[in-house]
Structures are given as C-alpha cells and as structure tokens.
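Next come the chains, spelled out residue by residue.
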Amino acid sequence: AQTVTQSQPEMSVQEAETVTLSCTYDTSESDYYLFWYKQPPSRQMILVIRQEAYKQQNATENRFSVNFQKAAKSFSLKISDSQLGDAAMYFCAYRSKVWGNKLVFGAGTILRVKS
Amino acid sequence: NAGVTQTPKFQVLKTGQSMTLQCAQDMNHNSMYWYRQDPGMGLRLIYYSASEGTTDKGEVPNGYNVSRLNKREFSLRLESAAPSQTSVYFCASSEVWGGTNEKLFFGSGTQLSVL
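Those protein sequences? They're chains A and B, same order as listed.
Residues 27 to 141 (the numbering used here) make up the first sequence, in order.
Residues 2 to 116 (the numbering used here) make up the second sequence, in order.
Everything hinted at is true.
Below 25 Å or equal to it, Euclidean Cα-Cα: the simulated DSS-like pairs (lysine-lysine) are:
no., chain 1, residue 1, chain 2, residue 2
1, A, K123, B, K58
2, A, K123, B, K72
3, B, K104, A, K104
4, A, K96, A, K123
5, B, K104, A, K99
6, B, K104, A, K81
7, B, K104, B, K10
8, A, K81, A, K123
9, A, K140, A, K104
10, B, K10, B, K58
11, B, K104, A, K96
12, A, K81, A, K96
13, B, K104, A, K123
14, B, K72, B, K104
15, B, K58, B, K72
Think of the hints as simulated: they come from the structure by calculation, not from any bench.
Isolated chain B, as found in the complex (with noise of 0.2 Å):
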C-alpha cells in the first residue's frame, strides 16, 4: 500500500520562486493536513482539510495556499517563496474529522529550501 505519497522530495528554489506540493493517499481518508517541520519548534499545521470541498487554516498559514482537488488529492502552493518557507513540509490524513480513530498517517516529507 503507497499511502500518503508526497511530491518533490526535496526543492531549491530562488526567493520570489512559486511552486505546488503534491500530495496524495489511497486510503480513502476523509481529512488531510499539511505541516511544516522547523528544528527545536516541531510540527505545526498549515492547513488542512476535514472533507472534500472545504479547507481551513491551521497555525501558520500566511505564505500559502491549498487546494483540495479531491478526495484522494491535497496541494501546498507557494506563490512567492520566502527564504523563511525553508522547511520540511509533511501531508497527512485520516480516516475521519474529529472521529474515535484519530490516528494520522504521514507522507514522507518534502526538504525544501529558499534561497
């Protein structure tokens, strides 16, 4: 099973540079999340999106935009990179919003670096 697959796994770009964040689960999850990952601050969410057709912001979302193309799909855009978007970046999913099974499950990340 591929479950959360994100891509590029790693991205340099140039300030002023925009780029999408491609994600994907094959879980048929309802909810998923985009988090970004700093050194000695943790995880924290971006947006996400607790079913198909809606999207909300999570703790940092200025700088970025999401889509939820459908149910399988969740993008990350980075219209004009800043080097303080450099980052790991992280999708999840789950199964349901606010449900009993509250585990999430991760992609892999995406390194991505501003210059």
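Extracted from the complex, chain A is given alone in its bound form (with noise of 0.2 Å):
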C-alpha cells in the first residue's frame, strides 16, 4: 500500500519570503499522480498543484512549484513570495493510476505566515 508522509507538523514562514514544504512517499508504482491541496480555515480543500510522475518537468503554478525527485521518492512544495492568504494547511497526496481516484493523503502540514 502506498503511504505519504509529511515530516513538518508546523512551518512559519515571513511575508514576501520563500519557504518549503517536505513530502516523501512510498509506491511500487512506476506512474502514478502527486498533489498538494490547500485548506484555509474554511475548511474547503482546494489543488494547489499536480505532478504526474512520468514527466520529469517539474510543475508550476504562478508562486509555487515543485521540486520533484521521482528517485528519492520526494515531492516538496516551494511557495515563492509568501502572503498572509498562504497560511493555511497543506496536504501531500499520491494517487494511483491504476486504482482510480484513490488518493492517499499526508498528515499535513500547518503554514503560517508573518507579517
């Protein structure tokens, strides 16, 4: 079974700084989907960004990106230019692209973010 883990409980962060989110996996799966999902206090889980494991390019979404290690099993979140609407938690997560939709889930990470 695949597991995802997120080793940072809380990261703090200084307004217009950089900082970055760690995430680490573990598949047999050669091609697979990576994310990271975004949820404010709201509650509401919003995509930040996706990787699709047989590209080697790494994603990109205006202020973040990914820098993806698809040998070392990693898949961190570097969040350029950070603002007060960043501070929220982030969730790692592994999909499969043979069984479906499934996705699996980090324990999350708490960004804050300072002014």
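Make one complex out of these two single chains by using the hints.
Here it is in structure tokens:
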C-alpha cells in the first residue's frame, strides 16, 4: 500500500519570503500522480498543484512550484513571495493510476505566515 | 455554482445514536467519496462510489455504511456512533473514475463530535 509522509507538522515564513514544504511517499508503481492541497480555516480543500510521475519537468503554478525527485520519492512544494493568504494546512497526496481516484494523503503541514 | 454540498456542517451525538451525513453534487460527476480528517493523520478514505449503483470500501470503513441514492447524492450513515468517530467528514466528487481528469472537488466538511 502507498504511504505519504509529511515530516514537518508546522512551518513559519515571513511575508514575501520563500518556504519549502517536504513530502515523501512510498510506492512500487512507476506511474502515478502527486498533488498538493491547501486547506484554509474555512476547511475547503483547494488543489494547489499536481505532478504526473512520468513527466520529468517540475510543475509550476504562479508562485507555487514543486521539486519532484522520483528516484528519491520526494515531492516538495515551494511557495515564493509568501502572502498572508497562504496561511493554511497543506496536504501532500498520492494517486495511483491503477486504483482510480482514491487519494492517499499525508498528515499535513500547518503553514503560518508572519507579517 | 454550488459544487459539492454537505449537510449538516456541525453535529453532536451521544454514543450509540445514529445519523446520516448527506452529500450532493451538481457537476454531473460519476464518482463520489467520503473521507474523514483527524489531527496528525490527514484525510482517510471511508467509502467511495466509482459510478452510480456501485460502492466500495476505502481504508477505514468499519462503523459506516453508504448509499449512492442517485448520480447526485451519496450519503454516509453511522448506525451506532462511537467516540472514535469524532472527526471532520468530507464528501468529494470527481468526473471520471480513473480518468485523466483527476481533480477532486470537496465539500466544506461536517464537524462531528460523539460524546
């Protein structure tokens, strides 16, 4: 079974600075999807960014980018120019291409943004 | 657009009571899911329905039952609530089971406390 590990329960960043959230996963599959979801205090789950394992190029979405290291099974999220609105719980998630849309989530990292 | 609507948003039960969490989506999605979120454990899949008329167990199905009433609605029932079922419950939907459009749309969650 796949597992996702987020080793940082909490992180803090100064407004306008850059922060990196870590995620590692374990799988025997060669092709899969990886995601970062953001959960603000409203509890809504918001998709931030996704990566397809067969693509070597790291995904980017505006101020959000990932560092995908397939051999190391690592998938970190970098947030540049941090804003107060980035404060939230961030979840890393894995999805098998074989087992449909079932997502396996990490435990989450709380990101605090200081003004 | 309403997206995924869950009711109720908050509920307090006594041990042994039963209740049904309701979920409806208006995006004509085929697949629907129930997750629970617990501190330090991320989101875990309880049950899912790949398409209308089918349901399957996820990681943590014990103590729950589900009904896919029609394409729009997917309910989660607790027959005899236990304190271990205190959690935040999320319903989600996606367009296709196992398709390339892997984006899940989440409801805003139900905070359930079992005393």
